[in-house]
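**Q** Sequence:
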Amino acid sequence: MPHLMERMVDSGLLWLALVSCILTQASAVQRDPYTVEDKCEKACRPEEECLALNSTWGCFCRQDLNSSDVHSLQPQLDCGPREIKVKVDKCLLGGLGLGEEVIAYLRDPNCSSILQTQEKNWVSVTSPVQASACRNILERNQTHA
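Residues -28 to -1, 1 to 117, numbered by mature numbering (1 follows the signal peptide of the UniProt record, and there is no 0), are exactly what the sequence shown covers, in order.
Careful, some of the hints might be misleading.
Claimed, not checked - As a list, the in silico SDA-like pairs of lysine to any residue whose alpha-carbon atoms are at most 20 Å apart:
id, residue 1, residue 2
1, K92, G30
2, K59, L45
3, K59, R17
4, K11, L45
5, K92, Q35
6, K59, K92
7, K92, R54
8, K11, G30
9, K92, N113
10, K11, L25
11, K11, P47
12, K59, P18
13, K92, P47
14, K92, C12
15, K14, C33
16, K92, E13
17, K59, V95
18, K14, N26
19, K92, N26
20, K14, N93
21, K11, D41
22, K57, N113
23, K92, E72
24, K57, S39
25, K59, N26
Read the hints as simulated data drawn from the structure, not as lab findings.
Let the sequences and hints guide you as you build the complete structure.
**A** Here it is in structure tokens:
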């Protein structure tokens, strides 16, 4: 019986050394970025998908996004005393079939508006608060002058 105990202890040490060696080798191997889960640092919006571009993962507009509901755009409007800023989801524009040609239309050279493509696939247009500036139609209500 003592020989059996000695053999079990010896094989246990061998097993422990083998496991330690395997774990050390496994931790030294770099993981393939295409097989790693949770590739994007931040969660993508439903209109986006996590893709690699030049070996860098990020959220990009879904290619299969198809919509016919113009009301899904829901632009965000920020009315200031000197300028108006409208922010629209670039992915939803693309899903409606309104891609780069709409963005080119917003870059009107006769207009003093500022077009920005923001992170997270948003496009914003800032224009002065003046009637007819950049085709603006200004209306007054009870809360805004």
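**Q** So, for every hint listed, does it hold in this structure?
**A** Taking the hints in turn, this is what the structure says about them:
1. K92 with G30: 9 Å, holds
2. K59 with L45: 10 Å, holds
3. K59 with R17: This hinted pair holds, its Cα atoms lying about 16 Å apart.
4. K11 with L45: Given pair K11, L45 is violated - Cα atoms ~28 Å apart, limit 20 Å.
5. K92 with Q35: 15 Å, holds
6. K59 with K92: Cα-Cα ~12 Å, so holds.
7. K92 with R54: Since the Cα atoms of K92 and R54 sit roughly 26 Å apart, the hinted pair is violated (cutoff 20 Å).
8. K11 with G30: With a Cα-Cα distance of about 8 Å, the restraint between K11 and G30 holds, given a limit of 20 Å.
9. K92 with N113: With Cα atoms ~32 Å apart, K92 and N113 exceed 20 Å; violated.
10. K11 with L25: 12 Å, holds
11. K11 with P47: 29 Å, violated
12. K59 with P18: 18 Å, holds
13. K92 with P47: Status holds; Cα separation ~15 Å.
14. K92 with C12: 13 Å, holds
15. K14 with C33: 15 Å, holds
16. K92 with E13: Measuring from Cα to Cα gives roughly 13 Å; hence the hint holds.
17. K59 with V95: Holds - the C-alpha atoms of V95 and K59 are around 6 Å apart, at most 20 Å.
18. K14 with N26: Holds, because 18 Å separates the two Cα atoms, which is no more than 20 Å.
19. K92 with N26: 18 Å, holds
20. K14 with N93: Holds, at about 14 Å.
21. K11 with D41: 31 Å, violated
22. K57 with N113: 18 Å, holds
23. K92 with E72: 16 Å, holds
24. K57 with S39: Given pair K57, S39 is violated - Cα atoms ~25 Å apart, limit 20 Å.
25. K59 with N26: 28 Å, violated
Against the hints set out earlier in the document, violations occur for numbers 4, 7, 9, 11, 21, 24 and 25.
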